[in-house]
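*Asks:* Sequence:
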Amino acid sequence: MLPVLLKASASPSEQTETDRERSRLMKEGQSFVYQEGTIDFGAIREAQEGGFDVKVFYVGNMGRVLLRVSDGGPFAALARIHDDYVHGLKHLPEAKKLADDLMLFDNTTHGRGHRLVAHFHAGELMKLARAVPKWAQKVFGKEFEKWLGSRERGSSRAR
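In case it helps, my numbering puts the sequence shown at residues 21 to 179.
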């Protein structure tokens, strides 16, 4: 059975209902997906305190949001898109520390699906794509370089 999908809302009454449903699912120990444009650390902590394994999936590309909205896709307040994007990038290091898993996806290339860029588990980098977009490099570049360097040293010792 697939988990219930809950979406954050700009409407206070809709968000109250979403929060109520999320609380009910947590009390019942049922898995769910909570989709929001920004990272909600309160929701992450609440879920972990309830014994849930928390996975944060971050899909980075502001241009695709603008394109989606202009093509008649789901509404996004144009004035907030840039601020939400910057806010999300700024909070990724904290999400990496707090969530059980943080997975970074990129969908920069128009007409192509999402691709996994990096996967952190328990704060540690586990997987890194060969081609990493600039937005991910800005946030985790030093960590990516360190990880790649340790893998190169490990493979040269194995020879």
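Source of the hints: derived by calculation from the structure; they are not laboratory data.
A portion of the hints provided could be inaccurate.
[To be verified] Listed next, the in silico EDC-like pairs over lysine to aspartate or glutamate satisfying Cα-Cα at most 16 Å (straight line):
| hint | residue 1 | residue 2 |
| --- | --- | --- |
| 1 | LYS75 | GLU37 |
| 2 | LYS27 | ASP60 |
| 3 | LYS75 | ASP103 |
| 4 | LYS158 | GLU172 |
| 5 | LYS147 | ASP121 |
| 6 | LYS117 | GLU172 |
| 7 | LYS75 | ASP104 |
| 8 | LYS154 | GLU144 |
| 9 | LYS147 | GLU163 |
| 10 | LYS117 | ASP73 |
| 11 | LYS117 | ASP60 |
| 12 | LYS117 | ASP103 |
| 13 | LYS75 | GLU34 |
| 14 | LYS110 | GLU172 |
| 15 | LYS117 | GLU144 |
All figures in this text were calculated on a predicted structure; none of them were measured in a lab.
*Asks:* The structure should be examined with respect to each hint, and the outcome stated for every one.
*Replies:* Structure-based check of each hint:
no. : hint             : verdict
1   : LYS75 to GLU37   : violated (23 Å)
2   : LYS27 to ASP60   : holds (12 Å)
3   : LYS75 to ASP103  : violated (23 Å)
4   : LYS158 to GLU172 : violated (22 Å)
5   : LYS147 to ASP121 : holds (12 Å)
6   : LYS117 to GLU172 : violated (25 Å)
7   : LYS75 to ASP104  : violated (20 Å)
8   : LYS154 to GLU144 : violated (20 Å)
9   : LYS147 to GLU163 : holds (12 Å)
10  : LYS117 to ASP73  : holds (14 Å)
11  : LYS117 to ASP60  : holds (14 Å)
12  : LYS117 to ASP103 : violated (22 Å)
13  : LYS75 to GLU34   : violated (24 Å)
14  : LYS110 to GLU172 : violated (29 Å)
15  : LYS117 to GLU144 : holds (9 Å)
When the structure is compared with the earlier hints, violations turn up for hints 1, 3, 4, 6, 7, 8, 12, 13, 14 and for no others.
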